[in-house]
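Q: Sequence:
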Amino acid sequence: MPLSPCHYCFGSHGCFINFPFLFFLCSVAIHPRKDILVSGSEDHHWKMVGIPNGNVILTGCGHTDWLSGCCFHPSGTKLATSSGDTTVKLWDLAKGDCILTLGGHSHAVWSCTWHSCGDFIASSSLDTTGKVWDVNSERCRYTLRGHTDSVNSIEFFPFSNTLLTGSADKSLSIWDARMGCCAQTLYGHIHSINDATFTARGHMIASCDTCGVTKIWDFRKLLPMVSIDIGPSPGNEVAFDSSGQNLIICHCLSYICGNINSCTKNSLSILIFIFLEELNFWFMNLKVLNF
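Just so we're aligned: the sequence shown equals residues -29 to -1, 1 to 262 in mature numbering (1 follows the signal peptide of the UniProt record, and there is no 0).
It is possible that part of the hints are untrue.
Per label pair, the in silico range of CB-to-CB distance [stated by the list, open to error]:
#	residue 1	residue 2	range
1	ASN24	HIS78	35 to 43 angstroms
2	TYR158	HIS2	30 to 38 angstroms
3	SER77	GLU13	42 to 50 angstroms
4	GLY21	LEU194	37 to 45 angstroms
5	PRO203	SER87	17 to 25 angstroms
6	PRO3	CYS182	15 to 23 angstroms
7	PRO45	ASP68	16 to 24 angstroms
8	SER213	THR35	19 to 27 angstroms
To be clear, the hints were calculated from the coordinates, so they are not data collected in a lab.
Each residue gets a CB set at the ideal place from its N, CA and C atoms; glycine is no exception.
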C-alpha cells in the first residue's frame, strides 16, 4: 500500500523515560490502574518504575535468561513474566517475590498474557507450542499444538475464552482455550509473523511480519481487510488504541540505525515504546480507511 496522509513516521520524540538498565529492554507493560510501568531486560531482571519520573519502585530477579515478556494481572497485584530460560514466573508485587514458576516449554518462551478473569495465563514458545496455565492448580491446562514453527505471540480475545497465536510458520491460529483446540487458521503472510493483536472490541486483528508487512483482518469474517507494506525491515509489534481506530506499528526503518522491540498500552491508550538507538513507528488512523 502506498503511503498516504493517514500514515505518520516519527523519528524522534520530546518525552522519554530514562530506564535504569545497563542492558537492552525487551518488553514493557503498563499497570492497569496506576502510573506504573514494568520493563524486562536482557540482564534477566524486571524493574517497576513510576511514570513519568522513571524512579525505581521494585526490582525482580529469578530468571536465568533474558525476559521476553511481562504482563500485569487484571487486578494489578501480580505480574507474569516469560523468559528465554523456558519458564513463566508469577510475581507478588506487594513484595516483589516470585510465587510460582511454570515450567513445561522445551525452548525459550516468547510471550505471556493473562485471561481477563485472572485465573489463567497463556504462553507462546520457540518449541512451536502455546500453553494455557491454570494459576490456581499450578499446572498446564492445555498445550496448543498445530503450528510448525516458533509461536511468537499469544493473546486472549477480550473477555472471552478465545486465543490468538502468531507464528514463524506464517500463519495465525484462533483457539478455543476451554478445549485447547484450534478453531481456525488464517493464511496470508509470506514471511514469519512476529506479533498479532485484537482490538478492544475484538472485531479486528492486526498482524505484522519479519519483512515489514502488516495485515488487518476482519475477525467476524476471518478474512484480510488490508495489507500495509512498510518493509523490508521487520515489524516487531502492533497495538490498537482503545477505540480500535488507530494502529501503532513498531518498526525498524531501513535508513535508520535502531529498532523498537516492543510497545504496550493501558485502558487509557497511553502507548509506551522501548527502543535501542533511534525511535521510529508508524501511526495509522483506520477511520481514513473506513474500517
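Q: Does each hint fit the structure? Answer for all of them.
A: Verification of the hints:
1. ASN24 / HIS78: 35 to 43 angstroms: holds (38 angstroms)
2. TYR158 / HIS2: 30 to 38 angstroms: About 37 angstroms separates the Cβ atoms of TYR158 and HIS2, which means 30 to 38 angstroms holds.
3. SER77 / GLU13: 42 to 50 angstroms: violated (22 angstroms)
4. GLY21 / LEU194: 37 to 45 angstroms: Once the Cβ atoms are compared, 43 angstroms apart, the range 37 to 45 angstroms for LEU194 and GLY21 holds.
5. PRO203 / SER87: 17 to 25 angstroms: violated (37 angstroms)
6. PRO3 / CYS182: 15 to 23 angstroms: Hint violated: Cβ distance 34 angstroms, outside 15 to 23 angstroms.
7. PRO45 / ASP68: 16 to 24 angstroms: Since the Cβ atoms of PRO45 and ASP68 sit about 20 angstroms apart, the hinted range of 16 to 24 angstroms holds.
8. SER213 / THR35: 19 to 27 angstroms: violated (36 angstroms)
Violated hints, listed in ascending order, are 3, 5, 6 and 8; each of the other numbered hints is respected by the structure.
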